[in-house]
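Chain X is fixed; fit chain R onto it per the hints.
Going down the list, the protein sequences come from chains X and R. Numbers 1 to 154, taken from our numbering, label the letters of the first sequence in order. Numbers 1 to 149, taken from our numbering, label the letters of the second sequence in order.
Because the hints were derived from the structure by calculation, they are not lab data. Some hints could be false.
Below 25 Å or equal to it, Euclidean Cα-Cα: the simulated BS3-like pairs (lysine-lysine) are [said to hold, decoys possible]: (1) X/33 with R/138; (2) X/125 with R/48; (3) X/88 with X/119; (4) X/125 with R/116.
Covered by chain X, per the in silico footprint, the following chain R stretches (three or more residues, Cβ under 8 Å) [said to hold, decoys possible]: (5) 4–13; (6) 29–36; (7) 65–79.
Quick partial rundown of chain R residues pointing at chain X, CB under 8 Å, derived from the structure [what the hints assert, rightly or not]: (8) 18; (9) 19; (10) 26; (11) 50; (12) 51; (13) 86; (14) 88.
Ideal placement from N, C-alpha and C gives every residue a C-beta, glycine not left out.
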Amino acid sequence: MADKSKLGMEFPAYTFTVEKDKIIEFAIAVSQKENKEQINPIYYDEEAAKKAGYQGIPVPPTFPTCTFFWTGGGLVALTKTLGIDINKLLHREEEYEYFGSISAGDVITRKMKVIDVLKKGNGNKSVEVTVLETDLINQRGELVLKSRTRLLER
Amino acid sequence: MAVNYDDIEVGNKMPVYTSAPITRTHLVRYAGASGDFNPLHHDETFIKMIGSKNVIAHGMLIMGIVGEAITSWIENKYLRRFNTRFLSMTEPADLDDMENTKDRATIIVSGEVVKKYEENGEKRILCDIIAQDALGSKKLSGFFIAALP
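The shape of chain X in the complex, shown without the other chains (with noise of 0.2 Å):
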């Protein structure tokens, strides 16, 4: 069950560089492509993203849910911390608000905590919630993003 005493937690701070073959390989994997010559070229070509006006090699927009699973022992252990069962998890919702770019070779900077924990609907039918707030901060001090990751527990 998800644990009411989580509210409010806050994860240790994690601070990992955006690694350019990583931002690749994501970019191959949800566009459903084989190799890389077959993705847009801002995501492999520092000159081409340049031209298309990006500060260097972008990240796609739901790249930054990586962070999630590159730390704290990844989803099994974060599962566990948060008090929720696996086998249970469901992932029910999650939104990015986009402040600034990340771009490959920036070095990033991530908070997350538990904003929220609550028991949905009544009974058999009551799910638990667990709301996470994730702020990533590059190496100017910038928010250049915001996340919210809404969790089920069925």
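Just chain R now, with coordinates in the frame of chain X:
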């Protein structure tokens, strides 16, 4: 081709985007790219253990496909907000029965501009989006906001 604010009217439709039928290989590739190794998405023995029938696609792969659909129309750099609610699970196509399983694994993304407005000194559009499979089952609904030149 670049989309400009003045070219867009409320009620305009986003170009419909149709994914390739999602296979288990797509799921494994997404798992590796994203780091989401929930066995629900690749391990048939885990699926049996929890009494389910099939592995299911990552919700975030479907949202990633929707992101690809959006940025095929509106450039990535113009996105200001992107929200989706996941509505149902997606089973991948079976390679030994593509004919009967490809439709459940094909994601069709559509959208409609519902608002044009100015905010933070930017000209913005709000566009509702829906992703469904080729059988008509809704996978997610949501919206995006973009600031256009």
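Here is how each hint holds up against the structure:
1. X/33 with R/138: 24 Å, holds
2. X/125 with R/48: 24 Å, holds
3. X/88 with X/119: 15 Å, holds
4. X/125 with R/116: 39 Å, violated
5. 4–13: violated (count 0)
6. 29–36: Satisfied; 7 residues make the cut.
7. 65–79: holds (count 9)
8. 18: 11 Å, violated
9. 19: 6 Å, holds
10. 26: 6 Å, holds
11. 50: Result: holds, 6 Å to nearest chain X Cβ.
12. 51: Where the cut-off is 8 Å and the nearest Cβ of chain X is about 10 Å from residue 51 of chain R, the hint is violated.
13. 86: For residue 86 of chain R, the interface hint holds, since the closest Cβ of chain X sits about 6 Å away, which is under 8 Å.
14. 88: 11 Å, violated
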